[in-house]
Amino acid sequence: MQDTRDRIRCIVCEEERVKGIRVLDEFICETCEKEIVNTEVEDQKYPHFVLQLRNIWLNSQRRGL
Numbered sequence: 001m002q003d004t005r006d007r008i009r010c011i012v013c014e015e016e017r018v019k020g021i022r023v024l025d026e027f028i029c030e031t032c033e034k035e036i037v038n039t040e041v042e043d044q045k046y047p048h049f050v051l052q053l054r055n056i057w058l059n060s061q062r063r064g065l
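Residue numbers (this note's numbering): 1 to 65.
Any given hint might turn out to be false.
[As the list claims (entries may be wrong)] The list that follows gives simulated cross-link-like pairs (lysine-lysine, DSSO-like), each with its CA atoms no further than 27 Å apart:
1) Lys45 / Lys19
2) Lys34 / Lys19
3) Lys45 / Lys34
To be clear, the hints were calculated from the coordinates, so they are not data collected in a lab.
Construct the entire structure; sequences and hints are all you get.
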């Protein structure tokens, strides 16, 4: 069983998860990563993903990464 300390908040869904990737010091859970990769530009979710990925970039600029 995973320890709750191993969980990290996903910047896309804001849920605490264990598996995922780090992009510019932010965390994207495995579920959101797969959904982002498989989302078509015409999908209603697409603008949300673009906004969240933009936030990752903006946060990195603020931190000087």
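Checked hints:
1. Lys45 / Lys19: Status holds; Cα separation ~22 Å.
2. Lys34 / Lys19: holds, 12 Å
3. Lys45 / Lys34: Status holds; Cα separation ~13 Å.
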